[in-house]
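So the protein sequences, as listed, match chains G and R. Each number in our numbering corresponds to the 1-based position in the first sequence with 68 added. Each number in our numbering corresponds to the 1-based position in the second sequence with 7 added.
FYI, nobody ran anything at the bench for these hints, they're computed from the structure. Here the structure is a predicted model, which means the values were calculated and not measured. A hint or two may mislead.
Heads up, simulated BS3-like pairs for lysine-lysine below, C-alpha to C-alpha not over 30 Å straight-line [unchecked claim]: (1) R/K341 / G/K168; (2) R/K229 / R/K299; (3) G/K168 / R/K59.
Output of the computed footprint for chain G on chain R, the stretches with three or more beta carbons under 8 Å from beta carbons of chain G [as the list claims (entries may be wrong)]: (4) 44-50; (5) 123-133; (6) 138-152.
Glycine included, each C-beta is placed from N, C-alpha and C at the ideal position.
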Amino acid sequence: MPEMTYLQAISDGLREEMRADESVFCLGEDIGAFGGAFKVTDGFVEEFGADRVWDTPLAENAIVGTAVGAAVEGLRPVCEMQFADFISCGFDQLVNVAAKMHYRQGLAVPMVVRLPSGGGFSGGPFHSQNPEAWFMQAPGLKVVAPSTPEDAKGLLSAAIRDPNPVCFMEHKHLYRRAKGDVPEGRYTASMGEVGVAREGTDLTVIAYGAMVPVALEATDDIGGASVEVIDLRTLVPLDRDGILESVRKTSKVVVLHEATRSCGVGAEVAALIAEEAFEDLDGPVVRVTAPDSPIPFSPPLERAVLPQVDDVKEACRELLAY
Amino acid sequence: MAMTSARPAALPATDAEPALALDRADRSALLRFMLLMRATEERALTLYRQGKVPGSYYDGRGQEATCVGTAFALGPRDRACVLHRDMGAHLVRGVRPGRILAQMMGREGGVTRGRDGNMHFGDRELGCVGMVSMLPDMMLVACGMALAFQMRREPRVAMTWFGDGSTANGQWHEAMNVAGVRKLPIVFVLENNQFAYSTPNDLEFAVDPVERAATYGFPGVKVDGNDVEAVFEAAAEATERARMGGGPTLIECATMRMHGHGAHDDMRYVPAEMFEAWSKRDPIETYSARLKSDGFDVDAIEQSVVEELERDTEWALAQPMPDPATAADGVFAKADPQLGDGAAPWSRWATVQQEGDR
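Based on the sequences and whatever the hints tell you, model everything.
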């Protein structure tokens, strides 16, 4: 298996799908000649032509809305938001038109919206957000958030082949930092199943996306404790059984995400555990998240807002001692 | 790399094609669809007043010629995103009035089986994608369908309807721009019914929107939206141009919403003389008189509409309410159900099919 970066794996997955299925095409801003802001579609326009690698006008509702129309006509569009933040400009088409289509009239909308998300590089308040919880409040959307190159490729293929609109959260911090072996050819990773990034018995850290490597680093050596790290991989559908299985094993849970705190993934996971595994707990469910704040530009401010390895260590130590 | 989107659609040569004309059966059908729309809406209003239609009630009284005339130009494999005042377009595509009444009553037999109300539906088996309340979102969805036709080099057209208020919304611009840039096979139908809820044209725009079409790189035409044949002719020309690779058209149909925005709306904002003037231009009365003078048996058409509606109302009232246990079913698709083809009653389509074009 070749080693790839997270970004190369996404690019590889998209290219494989486009080679295998003519109905797959991509659309977005600057994805053609320029190859995309992060170069995910570098070389695509030369291979697939300008029709299937559509440099759209600067209009996010147009990107999402035309994708909905193409999808109900049997194509499989893959939209690129230049940054996940810009989905706010295409939100209407996503949550009102795409998400509710099947419920209202039994029509499938097989489309993917790729959302380069997350902070850590002084992108400021409009190039750093983690908007995944927005989509979790819009029934009809699936949401995936891979943390490894292998999953990034496999979950992208799964998302493209899914008959529903899928928000594909690809964390920018992982693009060139996350590296790993990636199978060649087309394959799909299963949506709706957690992964066990590391097995353990004393405490569980539940994370996804760029916070999975943070969780692994923070708990690698924490006073000899055996810490399990669960990678959610898919936020909708959420693998409730996979979460609860780990909770029942370790009885102590830290939920970690880079997105803001209130009504986020952590709140949902904590509520699930409170409802379904209260008797199995040996301590309170602890959240480590960004505060309810925009992501600031200046490096010391941004570091203060985004969860750091030391924040996770501290939360784990306290909970282990509880 | 150059864009390849300006190519013509793969339609055979036009020599053998019949003219874009209406025969007697077509003209009879146009009147019948308009009458059926009005009768169905009147029945729905009665059902609303009887408490059988939950929520509010919205109709398109006075706009029958606009939706019937435009939809009549569509071929079976063309696709439509229909607006809430355009019941006639659904009827032309083949939706039974009974299913519309059941839809309005929130019943199992309605097109969305109680998932959505009033005219918020599209029968996917008839090539229609249902609207959402955010206007004019469906313009972009129709653009996407047209994009699919263009990419697959299919001689097909998407049509979508929206009102004067929609022209003030940003997505109107996004759709017009995308359609112009990609030269999409699409027909935009602007139903200018003079008021967006209570807001008149002069508070919505400073320039007649039909004039904007040129700035997007395609034609805009304005027609009398209460003259069903004039509407049809504009739509037939626009669909033909789109089908041949000539790109989009904006058709502005000047008409008037003769009821309030919803049943709760007393229309106090409509000047009495304006309402009076439009009352004299009722599209159905005008067309009935025209067909009568051309020797049509209009009474027989009216009678057949009454009979059809009686049967369909009975059917709709017999439909059960949906099972509450299914309320959260169907949020996600498990397969890829596709759009089907719609009815296309214009005689030309039968001719084209006989000739094997389609």
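Against the structure, the hints come out as follows:
Under the criterion of a C-alpha separation no larger than 30 Å, the hint pairing R/K341 with G/K168 is consistent with the structure, at around 14 Å. Of the supplied pair hints, the one linking R/K229 and R/K299 holds, its CA atoms being roughly 27 Å apart against a limit of 30 Å. For the proposed pair G/K168 and R/K59, the alpha carbon gap of about 25 Å is at most 30 Å, so the pair holds. Counting residues of the stretch 44-50 of chain R whose beta-carbon sits less than 8 Å from any beta-carbon of chain G gives 0, not enough to reach three: the coverage restraint is violated.
Note: the stretch 123-133 of chain R has 6 residues with beta-carbon separation from chain G under 8 Å; the three-residue rule is met and the coverage holds. Only residues whose beta carbon comes within less than 8 Å of a beta carbon in chain G count, and the stretch 138-152 of chain R has 12; three or more means the coverage holds.
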